[in-house]
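Work the whole structure out from these sequences, hints included.
Taken in order, these protein sequences are the chains called A and B.
Read in order, the letters of the first sequence correspond to residues 1 to 299 in the numbering used here.
Read in order, the letters of the second sequence correspond to residues 1001 to 1299 in the numbering used here.
These are calculated hints, taken from the structure and not from any lab test.
Take these hints with a grain of salt, some might be off.
[Claimed, not checked] To give a feel for the contact side, a few chain B residues facing chain A, derived at Cβ under 8 angstroms:
(1) Leu1183
(2) His1215
(3) Pro1219
(4) Glu1224
(5) Ile1296
[To be verified] Only part of the chain A face toward chain B is listed, based on derived beta-carbon distances under 10 angstroms:
(6) Ala214
(7) His215
(8) Phe216
(9) Tyr221
(10) Phe293
(11) Lys295
Quick reminder that beta carbons are idealized off the backbone N, C-alpha and C, glycines included.
Number of protein chains: 2
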Amino acid sequence: MSILVIGSVALDSVETPFGKRDDILGGSATFFSITASFFNKVNIVATVGEDFPKQYVTLLKNKKIGLDGLTVSKGKTFRWKGRYDFDLNTAHTISTHLNVFKDFDPCVPEHLRKPEFLFLANIDPDLQYKVLQQVKRPKLVACDSMNYWITTKKRSLERLLKKVDILLLNDAEARQFSGESNLIKAAQRVISYGPKAVVIKRGEYGVIYFSKNAHFIAPAYLLEKIYDPTGAGDTFAGGMVGYISRAKTINETTIRKGIIYGSIMASFTVEDFSVNRLLRISQRDIESRFNHFKKITKF
Amino acid sequence: MSILVIGSVALDSVETPFGKRDDILGGSATFFSITASFFNKVNIVATVGEDFPKQYVTLLKNKKIGLDGLTVSKGKTFRWKGRYDFDLNTAHTISTHLNVFKDFDPCVPEHLRKPEFLFLANIDPDLQYKVLQQVKRPKLVACDSMNYWITTKKRSLERLLKKVDILLLNDAEARQFSGESNLIKAAQRVISYGPKAVVIKRGEYGVIYFSKNAHFIAPAYLLEKIYDPTGAGDTFAGGMVGYISRAKTINETTIRKGIIYGSIMASFTVEDFSVNRLLRISQRDIESRFNHFKKITKF
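Structure, rendered in structure tokens:
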């Protein structure tokens, strides 16, 4: 039950009220794959520049992440610079340098073209579509997007959505895409474009999962300290897809549990910069927090 | 297991994106008591003016609410005028006319001085304290307050909190009272003033209940249409205290279930202006929504 992810592997420079870090490991495929690696085998399709630090390659290898689809292109690695104020829910982008990502033309290596689970992390929907065309139809296709693509490439996104099982968006994006301010209506509108389900991420307030006729609502795990929310969404996706792939069955029960594992994994990510916290946790920490989550939501 | 509530019975003029109503039945004691009446016998301590419409008195009587503590004072009834924009989470007060409430000196009638459950709705903490002194120590004292009293009467509030079991605040108020932005820390700071527990209301995002060593987190019931959020907080309290009083036992389990009933009741209130929706629902509607809530949060 292998997982394939297409997305970015990047160098982030981040400033939060709790500190500042430069050129730390980031990128959607990075957060997703390190998280999903706790549950299953993951392969990455992405590109980095010649300046991408060797120790980060080693780090990914140590997590047994398949890097056959990670190419090194001439030029510099994709860089994102951002800042969070005390309201840690909103990332303020200071600069984005696409660098080698600008001409990224994803090519899934031959031996990775039959993934059972595919996560299309947030990149140009045309590239996401291209990857979909290269692989045998997976059991589950999950997909992330963002306001930028909704504004600039709505048609491409619509074409893509016909082939997606679960779309992940934050609440503002769901409202923007659908033109509906109410989340129930927004979700139903999104679903009318093709996906079987939509997961609406509400940051510190948790997530709502909508399928055609039902929904599931989960609060976020409450934390005493949040250091850096970067990567929370991709970590969430990694926990969700990772858990479902390990469970080997895709149904309402495994999706719901996957959503809780996604929330739990995201709760670890935000407790430190970059993927640092994820590198320090064990399976036992994950299970322990999952059980605590059960306890604090039971009635 | 009788319930006593001290608070306001008022006439509200409300404007939301979905309509406008003048001099409709409002007030914290009103929302609380009508809600709690679904679960148990409730008595009100409050005052209205000579202009208070007879049909509203009839309405309360029809809900079997005890009105021996509702006095009619010379002058006009307390009036609140407010407006909600599309973000229905924030009430914008246009005017507040205390009228007869200005000189309100609550006196609990002799035969009501042994309530088993007491709800001190949001009024001057000195008046809340005065009521507490008039009654035999109830099994449970729940108390609401607001930013205005935290700013102007923090000392009085602190004196009161020593005698309160459960304090209800919204998230901004909890942060203001405690000086802590993180809710876990804010709650523990509030608890250090005396209450055994604090319920932090997060509007459309649900509630978190904190006791000294644990917490319980519940999302809000998701609605397709919200017409008027006025009274949601007092309705929540009415459902919570009402359920606990009916359950006859105060423990972690009944408090958690009470919180869900509170959320459910609030979800009805906001579906129409004033208490209109509450007047149209049956026990069956409440149980049905409670069961649905279980279903949409289970994992």
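Results of checking the hints against the structure:
1. Because the closest C-beta pair between Leu1183(B) and chain A is about 7 angstroms apart, less than 8 angstroms, the hint holds.
2. At a threshold of 8 angstroms, the smallest CB-CB gap from His1215(B) to chain A is about 6 angstroms, leaving the interface hint in force.
3. For the restraint placing Pro1219(B) at the interface with chain A, the shortest Cβ-Cβ distance is roughly 5 angstroms, inside the 8 angstroms limit, so the hint holds.
4. For Glu1224(B), the suggested interface contact is upheld, since its CB lies about 5 angstroms from the closest CB of chain A, less than 8 angstroms.
5. The restraint placing Ile1296(B) at the interface with chain A holds, with a minimum CB-CB distance near 5 angstroms, inside the 8 angstroms limit.
6. About 7 angstroms separates the beta-carbon of Ala214(A) from the nearest beta-carbon of chain B, less than 10 angstroms, and the hint is met.
7. At a threshold of 10 angstroms, the smallest CB-CB gap from His215(A) to chain B is about 6 angstroms, leaving the interface hint in force.
8. At its closest, the beta carbon of Phe216(A) sits 6 angstroms from a beta carbon of chain B; the interface hint therefore holds under the 10 angstroms criterion.
9. Interface hint at Tyr221(A): satisfied, since its Cβ lies 9 angstroms from the closest Cβ of chain B, which is below the 10 angstroms cut-off.
10. Checking Phe293(A) against chain B by beta carbon gives a least distance of about 9 angstroms; that is within 10 angstroms, so the hint holds.
11. Taking 10 angstroms as the C-beta contact cut-off toward chain B, the hint placing Lys295(A) at the interface holds, the least distance being around 8 angstroms.
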